[in-house]
Amino acid sequence: MKQQMDFDVKDSLQLGGNYGLLKLRPIAQEMPLIEPGQFAQVEVPNCKTTYLRRPISINYADKHELWLLVRRAGAGTNALCDLRAGAKLNLVLPLGSGFSTQVSGRVLLMGGGVGIAPLLMLGQRLLANKTDVTFLLGARTANEVLQLDLFRQMGETHVATDDGTLGHHGLVTTHPVLAEHFDHVACCGPMPMMRAVTAIAKERSINCEMSLENTMACGVGACLCCVEDTSDEGNVCVCTQGPVFNINRLKW
Amino acid sequence: MKQQMDFDVKDSLQLGGNYGLLKLRPIAQEMPLIEPGQFAQVEVPNCKTTYLRRPISINYADKHELWLLVRRAGAGTNALCDLRAGAKLNLVLPLGSGFSTQVSGRVLLMGGGVGIAPLLMLGQRLLANKTDVTFLLGARTANEVLQLDLFRQMGETHVATDDGTLGHHGLVTTHPVLAEHFDHVACCGPMPMMRAVTAIAKERSINCEMSLENTMACGVGACLCCVEDTSDEGNVCVCTQGPVFNINRLKW
Amino acid sequence: MVDLSVNIGGGLTLKNPIMTASGTYGYGEEFADFIDLSRLGGIIVKGTTLQPRQGNPYPRMVETPSGMLNAVGLQNKGVDYFVKHIYPRICDIDTALVVNVSGADVSDYVGVCERLSDFDKIAAVEINISCPNVKQGGMSWGTTTAGAAAVTEACRKAWNRTMIVKLTPNVTDVTQIARAAQDAGADAVSLVNTFLGMAIDVERRRPYLSTITGGLSGAAIRPIAVRMVWQVAQAVTIPVIGLGGIMNGRDVVEFLLAGAKAVQIGTANFIDPQVTIKAIDYLHDYMARRSLNTLSELTMLS
Amino acid sequence: MVDLSVNIGGGLTLKNPIMTASGTYGYGEEFADFIDLSRLGGIIVKGTTLQPRQGNPYPRMVETPSGMLNAVGLQNKGVDYFVKHIYPRICDIDTALVVNVSGADVSDYVGVCERLSDFDKIAAVEINISCPNVKQGGMSWGTTTAGAAAVTEACRKAWNRTMIVKLTPNVTDVTQIARAAQDAGADAVSLVNTFLGMAIDVERRRPYLSTITGGLSGAAIRPIAVRMVWQVAQAVTIPVIGLGGIMNGRDVVEFLLAGAKAVQIGTANFIDPQVTIKAIDYLHDYMARRSLNTLSELTMLS
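Residue numbers (the working numbering), protein chains in the order written: chain A, 62 to 313; chain B, 62 to 313; chain C, 484 to 785; chain D, 484 to 785.
Next up, chain A with everything else stripped away, as it sits in the complex:
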């Protein structure tokens, strides 16, 4: 059930210069069950120039804590990254429908930049479901390959950096591992990357899911601002029918 919850910022880490990891602990309410790929609408308590909440993908959650991996993309996300331990944060969660967690065959989880955020939880869930996963993580440069250690603990992990400072030199979509056979791909990253992956998956008819990040207002399917034009239903809310879509619904 969706709810509004207050959290304590237990820990606030600066990652790769341009990112922040907020480790939150619920103050009063019990943590709801959260599916990989779901997101939270996060109030920005400390920014004069923002008005709406910020939709942030859930990086990790258990009974006792919740992680948000935030990219400094503007005033609001900057303010969130600047929050220090001890601050309070109000979230509306869990929102949206996440990635499929019952998948078979060889599975690739592919993330670009902060897009790796939901893949951490997804990997953990798939492993719990006895599904082997391969990770392919892309970033502009080595120190922006986020949470690499955590991914390596979960399985075979490949890396691509635009500047070649770590792993394959080039766009993540040009990584050789993509030449191998996969039955299912879950992907989250910048739009050009997701479009390129969609093209590859369609061409090789790989079952593939994408996590979108359309601009949102309400986050609960009420305002119809965040719509994606789908092949089956036309404009649908990314905040409720997504953020994760099977590519066969996308008109890309």
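For the record, the hints were derived by calculation from the structure and aren't laboratory data. Ideal Cβ placement from N, Cα and C applies to all residues, glycine included. Some hints here could point you the wrong way.
Claimed, not checked - Computed footprint of chain B on chain D; a stretch qualifies when at least three of its residues, placed anywhere within it, have a C-beta under 8 Å from a C-beta of chain B:
| id | region |
| --- | --- |
| 1 | 504–517 |
| 2 | 535–548 |
| 3 | 553–567 |
| 4 | 753–761 |
Claimed, not checked - If you want the ones that stay clear, here's a sample from chain C, every Cβ over 12 Å from chain A, calculated:
| id | residue |
| --- | --- |
| 5 | ASP486 |
| 6 | CYS574 |
| 7 | THR628 |
| 8 | GLY630 |
| 9 | ALA633 |
| 10 | ARG639 |
| 11 | ASN643 |
| 12 | ARG644 |
| 13 | ILE695 |
| 14 | ASP768 |
| 15 | LEU775 |
| 16 | MET783 |
| 17 | LEU784 |
Given chain A, work out where chains B, C and D should sit, using these hints.
Chains B, C and D in isolation, oriented as in the chain A frame:
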């Protein structure tokens, strides 16, 4: 010369439940000379619902630090009181024209609530000018008689509290010391108090100055929002011709 | 004993003056996890048209200082889908169910009203002559007295329960439009709909919205909305429903003091999905502290 | 080589498009401690009338979400005092000196223009037909094409240097008013003046302002102002000067992309007295980064 300056919050003290004392240190610029009764336009960096600066009377200033005594009167002043050591604060200062510092005869400095703020600096300046001062401080209750120790160090200090928990029981304007002879009174406090003091001073033709706190926007005499209707010039800016006015200019 | 009930015209009494604004609250269901919907004075469901509409292309929203621009453009599945599939799910919520009605030409508005009239649990319609995000109809009806009168008069013939006419603020004198709606048979007027606005991405040197312009809502517009409600409340005899930038209970009281009989909370639901309940509680406490028993006693002091 | 100079009509060229808005910058002197006034494209001094005015009673201002309401009401010492005592102090500032002209009836406007015309260092007048805070004249002239044309035409005869007409946003179609001003001889139009608004103190149950309503300015109104500038820029051939909620250099670029030839910064000066200089520097860097040499190249991309 007026200037815009960045300060570090060196210390932030909560006083009497409803007040905060911010001790600031200039980051780069040199502290300008500040006259008792002048104020600063204070940016509120940590409040989503405020837009304009807040005019705050300067409580104390020397070459190295500046004190702001703030009453929790709304969202903006609450946010200022909630600032912690280490925060940054931007001020425009020094603004307005302060109290007369060349006065003769027996001098009474009279403050109500947070209105005592400018009297601290004024008392120090008058003592430096070899002028003896008597203080009369009013508040609702004992723990809201602010900076009492500092005033006592400077001279004879009388207190009145609405609930009688300290000093004279009743409004500061009913304190017996007012029956004594004074040649000059400097006063800052709630409007009813200032009007009552004005009446007393006019009746006994005591030279008297009041520090007003009209609602302000620019603080530099440009917008004409904070005007007071004077007997000599009509509407004048409290932010430039004031905040301190001799009562013979006021139409009270 | 504080009684928050209020009559908003056409014999409709709300249990309290707090309603939700059309287009910001879906069909109510979307907020059922957060609040007890039956505590609301009313729910105004999203703009409904005769035919299904896909609305405008994405992007449809951009944040602005203390507000947001939207260009949804009345996306909805049409009145037939509404009465068949949505109405049955929400008709038993114990609150006043109001359907916001939109269209390109008068016959569209009338058609929707006629289709809705068979469904008893629809307490009222809100005739939307103020949507800034559709090429045809919408706001163009609400910017002239003749247009407002034409739509109102036609809908009046097709709808015999409470009829609210929702006004646009994008006019020189909103009191003239309000009077025209009153004279043409409106039971109440609601205002303000959004202000036509625009924002430009200076990095991409393009408008943020696919439609270039959109409707501005949020706290930013509240002072203009309060002024218009205050003007209209003195210009008409029918109830005025106030909206525009209400963020909390204090703001609700501000609109009621300005002369509104009831209010609608919109954009604030995106920021606090429980804002409506908090506002109802604030209003109740505000009245009780001042020993005000009914909303008719909540007036400006002189 | 970035050249920020711009011609705003009537043969007046500004060194850059950043001016200060009337009523927010006094006579410029008030900000001399904070910035080098000669870096400004222009200074528009406060509204000047034929006779001295005391303006409206206090309180005149209340803060609102991302904005403020003011009800100053054109307090000024009159045109004679201005030319005798103020003009001599500011006439040598190396920037375009513009006097904002207000009045109750047409003869007042004309009288001020005639009195100013002897003073060579006044580069332009800005005819204010949009002040919302005076009972007579002001905005009432700017809400009809006939009123706008009447004042503009009369002032045109009395003033042969650059004449800017300042428009009110409180109208249904601002492009009609802009065209009327253009056809009556305006060299440029500036928009928007403030929106008529109102705020109520719910504790005291009274309006915050002595005049009940006031003019809303600040970031809150920017999206509406940008939309109106964009509409007017397509409707007239004379230069459009954009204002309304500009807080920084980014916002300046937004207005220029919307079609403004120059801008005015107002309320933001209260929050950052150095905002004008920061905006000029931002604009210069923005152009340089994109290899744009003149403002005519700073347009929307398609």
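Status of the hints after comparison with the structure:
Residue count for the region 504–517 of chain D with a Cβ under 8 Å from a Cβ of chain B: 8. That meets the three needed, and the coverage hint holds. Three residues within the 8 Å Cβ limit are the bar, and the region 535–548 of chain D against chain B gives 11, so the coverage statement holds. Here the region 553–567 of chain D counts 3 residues with a CB under 8 Å from a CB of chain B, which clears the bar of 3, and the coverage holds. With 5 residues carrying a beta carbon less than 8 Å from a beta carbon of chain B, the region 753–761 of chain D meets the three-residue requirement, and the given coverage holds.
With a least CB separation of 29 Å from chain A, ASP486 of chain C remains clear of the 12 Å interface cut-off, as annotated. Even its closest Cβ contact with chain A, about 19 Å, leaves CYS574 of chain C beyond 12 Å, as expected for a residue assigned away from the interface. Non-interface call for THR628 of chain C relative to chain A: holds, since the shortest CB-CB distance, roughly 31 Å, exceeds 12 Å. Non-interface call for GLY630 of chain C relative to chain A: holds, since the shortest CB-CB distance, roughly 26 Å, exceeds 12 Å.
At roughly 28 Å, the least C-beta separation between ALA633 of chain C and chain A is larger than 12 Å, which holds for a residue marked as non-interface. Distance to chain A confirms ARG639 of chain C as a non-interface residue, since its nearest Cβ pair spans about 29 Å, more than 12 Å. Residue-level check passed: ASN643 of chain C sits 30 Å from the nearest beta carbon of chain A, beyond 12 Å. No beta-carbon of chain A is positioned within 12 Å of the beta-carbon of ARG644 of chain C; the least distance is around 25 Å.
With a cut of 12 Å on Cβ distances, ILE695 of chain C stays outside the contact zone with chain A, its closest approach being about 16 Å. The claim that ASP768 of chain C lies off the interface holds: its Cβ sits roughly 21 Å from the closest Cβ of chain A, which is beyond the 12 Å cut-off. Here LEU775 of chain C stays apart from chain A, with its beta-carbon at least about 30 Å from theirs, past the 12 Å limit. Once the 12 Å rule is applied to beta carbons, MET783 of chain C is consistent with being away from chain A; the minimum gap is 29 Å.
Distance to chain A confirms LEU784 of chain C as a non-interface residue, since its nearest Cβ pair spans about 32 Å, more than 12 Å.
Checked against the numbered hints given earlier, the structure satisfies every one of them.
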